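What follows is the residue order along each chain.
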Amino acid sequence: MAHGTGNPRRTGIAVFVALLLLTAVTVLVSYVDLGLWNVVVALLIASAKASLVALFFMHLKGESRLVWGFALFPIVFLSLILIGTLTDTMLR
Amino acid sequence: MSGHTGEHADPVVAFESAKLGVWTFLATEVLLFGALFTAYTVFRMKYPEMFRVEHAKLDRVLGAVNTVVLITSSLMVVLGLDAIKRGKARLLEAYFGATIFLAAVFLFVKYTEYSAKFHHGLYPRTNIFFSLYFMMTGLHGIHVLLGMGVLSYVILLSRRGRLSASYYTPAEMSGLYWHFVDLVWIYLFPLLYLIG
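Order-wise, the sequence lines are chains E and P.
Position in the first sequence (first residue = 1) + 10 = our numbering.
Position in the second sequence (first residue = 1) + 164 = our numbering.
Among the hints, erroneous ones may be present.
Residues from chain E that face chain P, not an exhaustive set, calculated with beta carbons under 8 Å [to be verified]:
id : residue
1  : V63
2  : G72
3  : R75
4  : V77
5  : T97
Straight-line alpha carbon distances no greater than 25 Å define the calculated DSS-like cross-link-like pairs of lysine-lysine that follow [said to hold, decoys possible]:
id : chain 1 : residue 1 : chain 2 : residue 2
6  : P       : K183      : E       : K71
7  : P       : K274      : E       : K71
8  : P       : K252      : P       : K183
9  : P       : K221      : P       : K274
Hints listed in this document are in silico derivations from the structure and should not be mistaken for laboratory results.
Note that this is a predicted model, so its numbers are computed, not measured.
From the three backbone atoms N, C-alpha and C, an ideal C-beta is built for every residue, glycine too.
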């Protein structure tokens, strides 16, 4: 049960500040017209934020490989759904 | 299931099992929201111009405010869990109470947004963008509401003296769920408000 690495409060606040900064960046970038790159930047920043939440708030960092497996398998399935659906709708 | 006699045989095993149970539930949640994200992607590629015009009708400042509200609520959960791991039940209740308050703020902002949209004649039936907007944020809002209920239950358990530094499983599991609700919004916000 113990997750005894460093001060959890300090880690939590550091992650919180990083999430706020990334939110500010993604909002500011949205006011600049980068064409298709707007989508790429927004999704990259969102994924960086999601990774921070999963790794530190949901403390996947430090979890066993079994928990990692449980966390990652829906993402594999989601990719299959997305790829399958898009190859169908785009090639129709 | 495997015929344990009464209480959990081994607290560590029980804790790990509960964790895997929550992650399994979250897997089904990823696929639930994933189906909607897939629909979003398909229609966005089909009608890029309509998404570009319609998404500008959302208030990205309110969306950003709500993002900050949810991120802060997640930090409160982290601090609450840290408190109970140090045996401070009253502090856990205060932090989880703050999370519930922030969840209410989130839903209030969402309510004002919905009202403004209805006022301007924008309904789920208006077009496919707003169908997706109301469906995705509505489903997420229901999750926020359920989260408020789950966190209230954990506070109740704590007030009854059921949680301690050696047993805090319900707090931990409700926290995992709450962070997931935050995580979904992290994707909803840019996809709907910033890059329609």
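Each hint, compared with the structure:
{"no.": "1", "hint": "V63", "verdict": "holds, 5 Å"}
{"no.": "2", "hint": "G72", "verdict": "violated, 12 Å"}
{"no.": "3", "hint": "R75", "verdict": "violated, 12 Å"}
{"no.": "4", "hint": "V77", "verdict": "holds, 6 Å"}
{"no.": "5", "hint": "T97", "verdict": "violated, 11 Å"}
{"no.": "6", "hint": "P:K183 with E:K71", "verdict": "holds, 14 Å"}
{"no.": "7", "hint": "P:K274 with E:K71", "verdict": "violated, 32 Å"}
{"no.": "8", "hint": "P:K252 with P:K183", "verdict": "holds, 22 Å"}
{"no.": "9", "hint": "P:K221 with P:K274", "verdict": "holds, 15 Å"}
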